[in-house]
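So the protein lines, in turn, are chains A and B. The opening residue of the first sequence carries number 1 in this note's numbering; numbering runs sequentially from there. The opening residue of the second sequence carries number 1 in this note's numbering; numbering runs sequentially from there.
Quick caveat, the hints were computed from the structure, so don't treat them as lab data. Predicted model, so just to flag it, every value in this text is computed and none were measured. Take the hints with a grain of salt, since some may be wrong.
[Said to hold, decoys possible] No farther apart than 25 Å at their CA atoms in a straight line, the calculated lysine-lysine pairs in the DSS-like style are these:
1. 115/A with 115/B
2. 186/B with 208/A
3. 454/A with 425/A
2 protein chains.
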Amino acid sequence: MVPLLLEIPLERHSEVPLYRQITNHLVRMIESGSLVGGTRLPGTRELAAELGVSRTTAKLAYDLLEGEGYIDIRERRGTFVATRFSRRPVSKERGKLPFDMASGVPSPELVPWEKLSALSRKVFGRYGHAVLEAAPVPGLPALRQALVRHAATRGIPARWENVFVTSGVQQGLFISFQALVSRGVKTVWVEDLTYPDVLSMSCSAGLKTKAVPLDERGIIDSCGGLGCSDALYLIPSFQNPTGRTISHEGRKAILEIAARRGFWIIEDDAYGELRYGEQSVPALRALESAERVIYLGSFSQLLFPGLRQGYALVPEEMAEDFREALSHSAGAVSSLVQYLVSGFLEEGCLEPCLERARAAMSVRMRALAEGLREALNCLVFEVPQGGIYLWVTMPAVSDESLEQRAAEAGVSVLSGRRFSFCREKTSSVRLSISRLGGPFIKEATTRLASAWGKGL
Amino acid sequence: MVPLLLEIPLERHSEVPLYRQITNHLVRMIESGSLVGGTRLPGTRELAAELGVSRTTAKLAYDLLEGEGYIDIRERRGTFVATRFSRRPVSKERGKLPFDMASGVPSPELVPWEKLSALSRKVFGRYGHAVLEAAPVPGLPALRQALVRHAATRGIPARWENVFVTSGVQQGLFISFQALVSRGVKTVWVEDLTYPDVLSMSCSAGLKTKAVPLDERGIIDSCGGLGCSDALYLIPSFQNPTGRTISHEGRKAILEIAARRGFWIIEDDAYGELRYGEQSVPALRALESAERVIYLGSFSQLLFPGLRQGYALVPEEMAEDFREALSHSAGAVSSLVQYLVSGFLEEGCLEPCLERARAAMSVRMRALAEGLREALNCLVFEVPQGGIYLWVTMPAVSDESLEQRAAEAGVSVLSGRRFSFCREKTSSVRLSISRLGGPFIKEATTRLASAWGKGL
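Can you make the complete structure from the sequences, with help from the hints?
Spelled out as structure tokens, the structure:
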């Protein structure tokens, strides 16, 4: 092991002697954990040379440190930070349960990492150093064009100049809020039961948040009260947490009111491409002509969440605000990531991967629904035609108790109140099928049925 | 070429006939550029099947489109979007000059892309799908520990729990502003002559911006007027744009006042590791004991800007605010990028790369300074001991004229006013040696000297 070369700030004219300054600084570094037990330090000769002090000074400093137990000087082997300062172990995820129906993360077998690995070799081979050069703020033109072509298969018209590559749907949402604020929007309306982070994000952007009822009629009725200083955030397809989908007619109605009353819509389509049933409802963005919709998409949610790559299709009128907000926060997404996703789309890898994910989710959702229905006829739920969430209600039982009992049976689920606008009690929990491969779904279902059945 | 499968939203109960709906939607997609000239469309049989309409309807729609010149139906070859809708070429960077002394981007030969390419193979091989799983918001523990070890070599003590991986120094700065706002900071003070984006970023975070004079005495004197609702943003080493470095004593004085008056300091150390002279000044963060400094570091500026990876060492007291701001904006940095940088550090690749960059910059800076000095004795400049910028003043000549004359000679440089707090005229320009390899520096220097010499 090569000894660590250290820059230690010294003050030549200080009243504190140099050997004391060295000792004090090393004590700070060891106590803070910057230098951990076992780290090899330079010998007194190297230390003296590095710091421009005499060897006596260096030796004095080390002697003091050794006397106080901070370092071990081992004859002929070197000088080491004392082992009692060994690295604290990184804490493991606590209380992780064997069956994870809480997380929205895809199960490993669906993640196309071999393909990405091959692609990374390819893009470095083809583009060399350019892969590490900064991309334009809105993203690489080639990727934005590929995203427009992909959106076209869903019937969504877009100009590639108005496409922005973002670090996941999350950054797309954050930047949307910033852009909306700069256009005078004051309030963002969310469904009551929604993705919980949206509340803290809108708040930190300086927006007020209000809730619309979750059912379709409720949303449409509320829209009549919105005006041009409002925005409406929707997950219209296979919603989080309820799995619900707004109908084609419902979408038309919402768009019509938005165009008339002049409010903006943020369409979070994180799950829209994961349709496995017959029910095909086009995206709001594909239905509108008034350009009121910011569309947020991502393949990351389904295939590779850790890549952190999403995209936003932005109305022409708002593109400049979006660009500014992006350029004043984090700037462009990693070029390497953009080259990889661009290659992934251009080589036609997305569709087969999505097909595999759709097939897997369809099988899992059916197994879950059938299993629960057979074992427990008191559960109320509607089986969605896509996505990864099943929203399950057990009338007159609290969500906390459902979550708790599931956990005792080794299954993590999320209580409905976590998604509620006012953190209100519900009798529902969200079950995710994203993380559990086929055979585990069956076991988890059996455990849930037995955990919840007991209490009746 | 496989024909594109299209989802086209149809309304079965509309008064607009189905074939017209199809035509209208395709016209929108073609006119917006979503479907470009030459794209192969499905045949009428496939289209009819995909949309659930009769083949007659599909044929009627296509006939209409063909009649209006939107598509070409070629016997036995297929249906294509008309070539007059061919993709508009991506506009080239306009007015790019042959000698780039404006950009801070490293020259290709210094970018270790082969190493990153090899590492990407390695990390996928070792971690598989985990490389694509989302990292914790502050970053992968292994990377944060490696960053602490790296900071230790510069004499900076830090706990890895207070290290945050960010998308470049830029996001680090943005998140710092957010965290400071949440702690009641109202005003950020910047050097008058600084990185221009800082002004728009602080403004979009809701902070007021004020300027301190650029010289060391001026900064120290101003600090006496700052209080606990202020923050001071500094680039203390090899500053952008002036290349200036604050002395050891100056740093101590600033830290002492900050501790006494309770303001925060953001230390942007983007260039600090690129020291090639004798002058070694420790980072503010290494000198302080009061924990008032947010330290922003990055290797990206020097080696791989497009990876977008930086880090922040945050005072214990502010770590939670930082975590929140990060989690409510873009979330964690791409896991793949984090694995790569982590591997890069762990395999000891950084130090040799930095050495190479330091040696190259040292040679370039000397060549530039000597060339200018020999040819033009009216130029005023101080040669920095590190970094990539030379700040050149020609008394009584306007910066715009200097920039303009350089451009006419094929060298892009940036006028001083671009970095001025009030966009005031100066007689200075910033010359960057980052982008130009050795032989080009000489030629660029000759051109500059001749362009500026003429006007005398």
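Hint check against the structure, violated hint numbers in rising order: Per hint list: zero violations.
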